[in-house]
Amino acid sequence: MALIKVEDLFFRYPQAKAPVLDGLSVAFEQGERVAILAPNAAGKTTLARWLAGLYPDGGLVAERGHVSMDGKPWPQWSAAERAAAVQFVGQVPSQQLTGCAFTVYEEIAFGPCNLALPEGEVRARVEQALAVCNLKHLAKRDPFTLSGGEQQRLSIAAALAMQPRVLILDEPTSNLDPESRDDFIAQLDALPAGLTVIVFEVALRPSLGLARRFMLLDEGRIVVDGTPETVLAHPRCIETLGMTAVARAAFEIREAGRWPEGLALPLTLAVAEQSFREAARA
Amino acid sequence: MLDVASVDFAYPGGNPVLSDIAFSVRRGEVLAIVGRNGAGKSTLLRLLNGLRQPASGTVTVDGLNTADTPVHVLAHHIGTVFQAPEQQIFNAKVHDEIAFGPRQQGLTGAALEARIAEVLGRIGLADAAQLHPLDLDAAARRLVALGSVLAMKPPVLLLDEPQRGLDANAMARLEAIVAEEAEAGTCVILVCHDMDFVARRASRVLALAQGRIAADLPTLDFFTSDELTRKAGVEVPDPVELARFLGLPPVLTPSALAAKWLADHRSA
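Residue numbers (the working numbering), protein chains in the order written: chain Y, 1 to 282; chain V, 283 to 550.
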C-alpha cells in the first residue's frame, strides 16, 4: 500500500473560479525522496498542505477526491496522530515559530513535549535535531534574533524532532548557505532509512542533490513524474522553470548547431565536463 | 550615492554583528551582498535603510546621514523589499499597495494613476490591480512588494532575496527591472543566496564573513578566487567552474560560457 495517496483531488478555494488542484492523483512510498517542481501559482503550497493533512480544514474541502495516509483519509486522523506522522515546513520560517519558546532548544522541544514524551526522550530528540540542522551553537539563542536562514534551519529541526514518517518541505533550501544545505542533505542521508521526504521547489538545482524522483506540477496536475533527467528535459518544465546553468550553456551550443546529435544536455556540473569534452571531440 | 564609513554594530546585549564596514556604491551599480547564514547581511541592509543605527561610523544615503534622518523621510531615498513580502504589504488591493508610496510623495490624480499603471506593467500584474495582494501566489506577492517600492522611484533600491521562489517568467521580469533600474542610474543592492542570479546580474560583490568585509570586488574577480568564495562560504556558479575545468577564459553566465566554447571550437 502506498504511504500517502492522492486520488482524483479536485479543490478550489471558496469564491475562486478556477480550481487549484484539478483532478490530481499521485502516490508516495515509504522512504522516497521526491522533488515536486512547480511554476508560480501552479498549486504548490496548496498541494503541500493537502499532503501534510492540513486540508481539509473547515470550509476548505475537496469537491472531489481525497488524500489518505496508510489507507486512511485525513479526516479520520486525530491532530496528535497526524503531527507524529507527518510534518510540514512552510516558506516563511518566522511564521512557523511557536512564539512561546525563549531559546532555540525550547522551540525544538515544544513539539515532543506536546506528545507527552518522557524528558530523556525529548532531550535526545532535541540533541539529534540540533545536530542535523547545524544549530548546536545557537541552542541558547532567542529564535526571533536568528537570521532568516537560521530560522529556516530551526523550523526544519522542530519538524524533525517530531520524528515524523513524512517530512514535507516548501522550498527548504532557498535560504540556506551552501554549507548548511550540504550538511542538511548529508544529515538527512544519515537518518534512519524510511523517512519520506517531499520537497516543493521552484529552483531546479537545489533538489538535484536531495531527491531521486522528480515531478512537475503545472496548472493543478502532475504533468510528468520520473527521473530528474526526464523531468528537467520536459518542454513544459523548461518553459516554466528554465534550465540549469550548464544545461543552458549546452543548449545555446546546440542552437548554434555545434552540439552533437544524440548527446544529452548535461544537468549538473558533475557530468557537464565530460559532455562538453565529448562535444568538443565531435 | 551611498556611503558607509567605518561602521560597527551590535544588537543590544549581543556580540558585535558588524565590524569595520566601509564601502560606497555609485549610481548604476548592482552590488550583491553575499555570505553565510548569520553573516550580518540583513543587519547591514537595516543599517542602510535607517531601521538600525550604527554603534559607530556613519551611513550616508543620497547625501543624508541616516542618524539625522527619520526613517519615513529616508524611505523616499532608499526603497527596501524585505525577505518576506507579506510582512510589508498592508493594503487590501494591489492598486492601493502600489499607490501608497507615491501618494506620500504628494502625487495625485492622473499623475498618480499613470505611475501606478507604469509599475503594474513592469511587474506584470496589470490584471491583478483590484485583487487582494495576499490572494496572489508567493512570487506575485514579492513582485507587488517590489512594485510598491519602484513606484516611489528611489535612487537606491535594497532587495533582500528578491529572486526567491520566482519561476522563469517572474525571474525574467525581476532581472529586466534590475537591469532597467541600473541603466537609469539607480543604485541597486541585493542580498542574495542564489549565486547564478548574482553572476548574471550583479556588477560587484561585497562578501561578509563573521561581520567583516571579506571581499569587495567586481563579480568575475570574486567568483574566480577560490580563497575568497571559500572564506565567504558561497557556491561558485557552475559556468565559472566549468569554464575553468575546460580551460576556457573566465566567464560568469551560461551564455558567455557557450560563446567562449564556440569561439574556442570554431573549426571542427
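Keep in mind that the hints were calculated from the coordinates and are not lab data.
It cannot be assumed that every hint is accurate.
[What the hints assert, rightly or not] Using 27 angstroms as the maximum straight-line C-alpha spacing, the simulated DSS-like pairs for lysine-lysine come out as follows:
1. 435(V) x 513(V)
2. 17(Y) x 513(V)
3. 5(Y) x 72(Y)
4. 513(V) x 136(Y)
Going through the hints against the structure:
1. With a C-alpha separation of about 36 angstroms, the suggested pairing of residue 435(V) with residue 513(V) is violated against the 27 angstroms cut-off.
2. As the CA atoms of residue 17(Y) and residue 513(V) are separated by approximately 51 angstroms, the hinted pair breaks the 27 angstroms bound.
3. Using a Cα cut-off of 27 angstroms, the hinted pair residue 5(Y) and residue 72(Y) holds, with the two alpha carbons roughly 9 angstroms apart.
4. Straight-line distance between C-alpha atoms of residue 513(V) and residue 136(Y) comes to about 21 angstroms, which keeps the hinted pair within the 27 angstroms bound.
Comparing the model with each numbered hint stated earlier shows that hints 1 and 2 do not hold.
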